[in-house]
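Trainee: Sequence:
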Amino acid sequence: MKKHISISIILCIGVLLSACGEKREGIKPEIKPLTHSIYASVIVEPANLYTAYPQLTGIISEVFVNEGDSVFAGQKIGSIINNGMEVNQEKAKLQYQLAESKLYGSGNTLKSLKSEIDILKSQVKFDSSNYFKNKKLLQEEVVSESSVDNLKLKYDLSQKQLDNAYQKYEQMKDELQSSLKLSEANLKVANINLDDSYIYSFIDGMVYSVEKETGEFISSQMPFAIIGSRDQFVLKMLVDEEDITQVKIGQQVIVSLESYPEETFRCEVSKIYPQKDQVNQTFTVEGIFLEKPSTLLYGMSGESNIIINEIEEAMVIPRKYLNAKNEVRTKDGMVTVKTGLKDLEFVQILEGIDQDTKIYPLDED
718 MKKHISISII LCIGVLLSAC GEKREGIKPE IKPLTHSIYA SVIVEPANLY
768 TAYPQLTGII SEVFVNEGDS VFAGQKIGSI INNGMEVNQE KAKLQYQLAE
818 SKLYGSGNTL KSLKSEIDIL KSQVKFDSSN YFKNKKLLQE EVVSESSVDN
868 LKLKYDLSQK QLDNAYQKYE QMKDELQSSL KLSEANLKVA NINLDDSYIY
918 SFIDGMVYSV EKETGEFISS QMPFAIIGSR DQFVLKMLVD EEDITQVKIG
968 QQVIVSLESY PEETFRCEVS KIYPQKDQVN QTFTVEGIFL EKPSTLLYGM
1018 SGESNIIINE IEEAMVIPRK YLNAKNEVRT KDGMVTVKTG LKDLEFVQIL
1068 EGIDQDTKIY PLDED
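Using the working numbering, you'd call the opening residue of the sequence shown number 718 and step up by one each time.
Since the hints were derived computationally from the structure, they do not count as laboratory data. Note that the structure is a prediction, hence the values are computed from the model and not measured. Quick reminder that beta carbons are idealized off the backbone N, C-alpha and C, glycines included. Warning: the hint list may mix true and false statements.
Label-pair restraints from in silico Cβ distances [stated by the list, open to error]:
id	residue 1	residue 2	range
1	N997	D948	25 to 31 Å
2	T1056	N997	27 to 33 Å
3	L815	K838	26 to 32 Å
Between the sequences and the hints, there should be enough to build the whole structure, so can you do that?
Mentor: Below, the structure is given as structure tokens:
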């Protein structure tokens, strides 16, 4: 029994001595490529994604689309009970057409007034000619003064009738033009009210979600549908506040998606949202695919690394060999070093040691 215990003790001592020997050997810095990147979680979203809201508050009378349907810009996707808005719009349309006909139609009032003016102009011309001709004859004492006075009265009367006809024409024209403008304005209001009872798609795309059903109540603050691009997708990356200042538009991004566990995809930063999300304390960064999977769906998730800097040949050591004071352990004791890029495993050494310097684990006495 004592023999077995002695052998075990000897073996343990041997292992410890071997481990100590490995520690004393140390390691030297390596030359290798090093990439500095920022981690961010990823959600895939359709491009131009937006939520469609109604203009009015009321009851949904009809839903015209289903999830997965293609839509075009300006297409009606739903309607709200409009309480006679269609009747009001039709009435306003008829009133506008009537006002337009009175002003420009073949049998409009102005044409009859214009005909009356033409007749009166002829009468004035005749009365004027007759008066001045007889006035000349009066000087020759061919006609009596009373007959000339009667002709003068007749001429003045026809001229006054013509002036009144002109005034009536202009007054009627102003009234008809005002009536047309008013009916046109009423028609525009009726059209707007009727349009507001419908919910429209603002883009060419696809319906990703319908939030309401026929008969349900909806207000202008309640979402009706979610619509976005059918074929174009973007990445929404959530970047920590401490990292956001390093992110720039155009930087490369390496993305891995849970739906494609064996693949990575190249992307590019396309937009940086300037406002911080106060809930999760992150900034949203948008990216576009340079290489995309065969199939993308709204809501796919994954991880990304936004590449901030890359060095082809960097002198690096494992990060576990560097303490919080930027010191490494050498055979001569602790040495302060200047560091550069870092990734999860390695750190670049710029000054303090060279490629031939051996360093040792920090927990070694």
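Trainee: Would you mind marking each hint as holding or not holding in the structure?
Mentor: Hints and how they fare:
1. The beta-carbon spacing between N997 and D948, approximately 29 Å, falls within the hinted interval of 25 to 31 Å.
2. At about 30 Å, the beta-carbon gap between T1056 and N997 stays in the expected band of 27 to 33 Å.
3. Distance hint check: the CB atoms of L815 and K838 are about 30 Å apart, consistent with the given range 26 to 32 Å.
Going through the hint list in order, the structure satisfies each hint without exception.
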